[in-house]
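Spelled out, the chains give:
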Amino acid sequence: MTSHENDPITQEIIQNSLQAAADEMFAAMRKTAMSSIIYEVLDMGTGILDHRGEIACSGAGIPAFVGVLDKSVKVVVAKFDPADIRPGDVYATNDPYYGGVTHLNDIIVMMPVFAEGTLIAWTANIAHNSDVGGMAPGSLTGEATEIFQEGLRLPAIRIIREGVTIDPVFEIIKVNSRMPDVLEGDVWAAIASVRIGARRLTELALKYGVATFQRAMAGFMDFGEKVSRKAMAGLPKGTFELTEEQDDGTFYNVRITITDDEFVVDLRDNPDQSKGPVNTSRDGVMVSCQMLFKSLTDPYSPANEGSFRPIRLLTREGSVFHAKEPAPIGFYYEIELRVYDIMWRCLAPHLPAKLASGHFASVCGTFIGGIHPDTGRQYTIIEPQIGGWGARAGADGNSAMFCGFHGETYNCPAEVNEARNGVFVDQMVLNTGPGGEGEFTGGRGIIMDYRVRAATGFLTAGYTRSKFPAWAMEGGNEGSPNLVEFIPKTGAPVRYSFVSGLQTHEGDVIRVMTGNGGGYGHPKDRDPARIEMDIKNGILTPERAREVYGWAG
Amino acid sequence: MMAKTLRIATDVGGTFTDLVAFSTDDQGRQTIRTAKSDTTPPNFERGVLNVMDKVGIDAAEVGFLAHGTTVVINALTERKGVKVGLITTKGFRDTLEIARGNRPDFFNLFYEKPKPFVPRYLRRELPERMTYLGVVHTALDLSDLAAIVADFKAEGVEAVAISFLHSYANSTHEEAAHAELKRLWPEVASVAAHQIAREWREYERTNTAVLSAYVQPTAERYLRRLDAGLKGRGLKQSPFIMQSNCGVDSLEAVARTPITMVESGPASGFWGAAELGKLIGKPNVLALDIGGTTAKCALIENGAVKIMTDYWIERDRKSAGYPIMVPVVDLVEIGNGGGSIAWVDDFAKLHVGPQSAGAVPGPAAYGRGGVQATTTDANLWLGRINRDYFCGGDVEADMGAVETALTGVAVRLGAGTDEAARGIIRIANNNMVNALKLVSLNRGFDPRDFTLVAFGGGGGMHAVALAQDLGIGHVVVPFGASVFSAWGMMMSDLRRDYFVTRLSGLVAGAAAGIEAAFAATECGAMAQFAAEGISEVNFQRYGKFRYQNQEHTVEVPLTMGVISDADLVAISDEFHATYEREYTYRLKAPVEMVGLHVIATAAVGKLTMTEEALGDSDATSAVKGQRPVDYALEGTHEATIYDGDKLNPGMVLFGPAVIEDPGTTIVIHPGNRVHMDGYRNLHIATAGE
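Line order of the protein sequences matches chains A and B.
If you count the first sequence from 1, position 175 lands on 175 in the numbering used here, and the numbers rise without skipping.
Just so we're on the same page, the numbering used here is the position in the second sequence counted from 1, plus 553.
Think of the hints as simulated: they come from the structure by calculation, not from any bench.
For glycine and all other residues, C-beta sits at the position ideal for the given N, C-alpha and C.
Hints are not guaranteed to be accurate.
Estimated spans, in silico, between C-beta atoms of each pair [stated by the list, open to error]:
#, chain 1, residue 1, chain 2, residue 2, range
1, B, Ala-1072, A, Arg-86, 22 to 32 angstroms
2, B, Phe-663, A, Gly-553, 41 to 51 angstroms
3, A, Lys-536, B, Val-1122, 57 to 67 angstroms
4, A, Phe-148, B, Pro-836, 53 to 63 angstroms
5, B, Thr-1173, A, Arg-86, 56 to 66 angstroms
6, A, Thr-259, B, Arg-632, 38 to 48 angstroms
7, A, Gly-88, B, Pro-1223, 54 to 64 angstroms
8, B, Phe-663, A, Lys-536, 19 to 29 angstroms
Construct all of the structure, not just a fragment, from the sequences and the given hints.
Right, here's the structure in full:
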């Protein structure tokens, strides 16, 4: 088969196999994980990187994790002497100041891959762990003022040496967690995932030859770049700016300059880093840019280092988008999401063929814990929520989907939730409240009630777009806000967007209310047949139809 | 002397209705007849009767008739079912529309979520509530049901699905609501979710009930007419209907929950591969079925096909699809068949499939106006398919059109025509290799430990190349490979799979409860069989286990009979070992059982194969010529061409060679040794490991 070493078909076969390996790593993690945030929500990602740590391809899952793994591997590559990185080693980081990008819950596990004595690649995996210690259960709290309060920090360290587990490291990791068995199980699931990927890559390289393998990997990234550059021809050129007020009263600014060969995102003119955990690393903001850029260029080709070469990001160290150690970063994802959303909003009027009106645009991370009344074991619900997506010309928005940062993410069935967590889910219905009306309407958010059965427990939540809901286009109405409502068994209900460690008792109801997406076009232009179907379906009352749409029925 | 028997399998596809008849004479000699006629919608039974007439089969002489049909999957994908009303638990009418909130096409911001099969105004609620432990939390209140029925009637609803929360744990509320519905509206088609699925996850279970209701009137009418039509011709025993779980079931049972037929087509082929593996003493099989538009594969371990309830239709990288929680053979399907179209993207990268040229216009070689090159065209161009014996000689290959189509690909690739054709074969093969890896390596199995059994019209064309890529040493192309699915149907037992969610720790004292759950399931199954007059039932037990806190499970066979506490350690050990093989590690964490899986089978007169004596090894008498064949990776070789119909048991031949019969072409690579066994299967020893 030597004559085929350099032909394009062989290259392509290797590239297809890289993708298959990344998908296989993903499946292994999903099937072995112990946290529902991993196996159900799929708050995880897998990737294959070259020997330098540049991402070549990634497994399905959360798009927001595609751009994380390269940053982690590069820190390991820079930190360790090449001679000290050996076959069978496994490394880990979770610290955004050491290549971790996100927050301490996300442990990134990395394995160098060797063939014929050469380091040919890395396999890596990121997943959200249920509890890594810190001041609050689940490790996330709005009260944190330093990263030290958010859990155990793993500053890009080795955890397995040539196949031998470094036991003290595992002991330290376990003893720091409120859920040590689950954490251990999830870390081992991640190790299984990187090992399976590494085995496949070694087989590939031995089969086709190391040089051919490496050429295929490099070629895959060059291909990514070609796809992006070609698609950039279809983007509007110029400088686009947007300022948007946030729920907390601060203003975020974005300036995007698109030229023939560059996509420049300037975020320098933004507030100083926050005292609370609503900051992100610069790497985190880069992920936001990469995601939107990928959606605007080519959603279907592989997302790899090459795809993102045209992006240039400008940030100011010490700002909310480029936090300095030891700023807390627990809720980084809401901040990344705000950047993603204002970039989307900034470009939407210029790219109606790719961008719809705004969506509920919050992870709506909800953390509920206590002692399971039937098993006596600690349970912790860690859930993002589903909500309404924006309308576009010709189509109403989707109802009840995860936000733009999530992808192949699944909500937790009520039946599984009740068994596993010892709560009652009293209802899970579409949010039929006002918001998102237009010629085309925004999709519906949801209303979900958790009735607490545990004697005592806690609620932590961090939602954005609670004050300023999903934005609309072309005369449509804004969507509706994201909120969590606490309805105590006795006493008056209270609504929150951010709440940390609220005490709960048996019989209390935690109501998740996510927003409708933004409308598109003026409500008066909506097709009466669509209005009448909405009425028939009970998501619009005749009175409101007359009032908002001018319906004559 | 043996009794003469006649068994037939009929398979109604979208275009053609196929028939395979196996007759055994009083000397035990078996003959096979096949026929094909047009499918005749909407009166599908006509096509079945037509095809029987075509080969002159007298229904009165048929001892066993197995029937497979795509009527359910077609009704679903073509949206030709009926208007369904759904009745569900208060607070959950939107479950069907909320689905799971996932978005596989995640960089596409214009993703469109699949629309529910029941619009919101036909999704109605009743007050009731079970807990996950199956305890009544809120009593069922049926007082609104009459009004719901009146609304459904006014809206023209033709079928009703009932699905309540936690009905897998306690079905009494569903049963009561179903009984009352039947009393109020006896003529409507109806189904309660627990009749089909006894596992948790309310969206999946509800959607399953809805889709079953959606196809129920159509499928029931179909089955009744088929039965009446055949009985009218003198058939003594109702047809047995092929199921997605590799078994057949009685027509009566299928008519109640027709959704279980959804993947019956591929299932029969895989069952055939499992039976063939047992017959030839190779119970570990990788089964590969290559048809016109897709290739499907499944892994058979020690004669057992894996059955799961994690099945979805219309699910791919661009759509979340719809779940159907019924027992379906665990298979991987890819858009790679003989008619798959080769195309070159804007970056000069070659792809094959998933788009297919279908039957019309078909591959360019058909000369029916197809201008895009397909896998079949590349196989023709490279001499792998005989251009003078295309489709068994029924079609004259339009080689001019093939050249034009391949040149189109070559120009875009910046390569020669031969190179383009070789590229198409290599990419198609690689897609199939990756699919085979998904069912083997991906699940902890080494493909080198398996025999590759390849069937379907295109199986023999690619099997050796795939085996050599994967290091598989032994390939079997079964006799009648192009109608192998029908053979599989005839080898099926009556089979029912019961999956039940039941949580339990594997701790001392737990065995009694686990045993009771199995016994209850088996007892229910026995009652169902007994009501149909079947008393000989064989049960196999499997448990689904996981480490505490995990979600996904590993299925472990439980062969000890009545389960006692003394068995729990062995069960746990077996789980640890199975788990480690698949995932590289084991934990000291507690193990828990999540559910059970019981397979109930009853023999209903399946075929017994007889083996012919092996004759002379010399295969010269079957040689029909020589021609150059391009093997893509191994270059061009002068290959000996054999007439498959003239090969006899015991004959041996060597590659490079091509074996041709009217239904299929088998490409034998240089260095391969082939022999025909006493059942007329071809065994190929590859040049690889």
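Should the hint that Phe-663/B and Lys-536/A are 19 to 29 angstroms apart at their CB atoms be regarded as holding?
Given a distance of about 26 angstroms, which is inside 19 to 29 angstroms, the answer is holds.
That 41 to 51 angstroms hint for Phe-663/B and Gly-553/A (C-beta), does it hold up?
31 angstroms, violated
Are Thr-259/A and Arg-632/B spaced within 38 to 48 angstroms by their CB atoms?
47 angstroms, holds
Range hint 54 to 64 angstroms: satisfied by the CB atoms of Gly-88/A and Pro-1223/B?
39 angstroms, violated
Do Lys-536/A and Val-1122/B keep their Cβ atoms within the hinted range of 57 to 67 angstroms?
60 angstroms, holds
CB of Ala-1072/B to CB of Arg-86/A, is that within 22 to 32 angstroms?
54 angstroms, violated
Do the beta carbons of Thr-1173/B and Arg-86/A sit within 56 to 66 angstroms of each other?
Holds, since Thr-1173/B and Arg-86/A (Cβ atoms, about 59 angstroms apart) stay within the stated range.
Beta-carbon spacing of Phe-148/A to Pro-836/B - inside the hinted bounds 53 to 63 angstroms or not:
Given a distance of about 59 angstroms, which is inside 53 to 63 angstroms, the answer is holds.
Comparing the model with each numbered hint stated earlier shows that hints 1, 2 and 7 do not hold.
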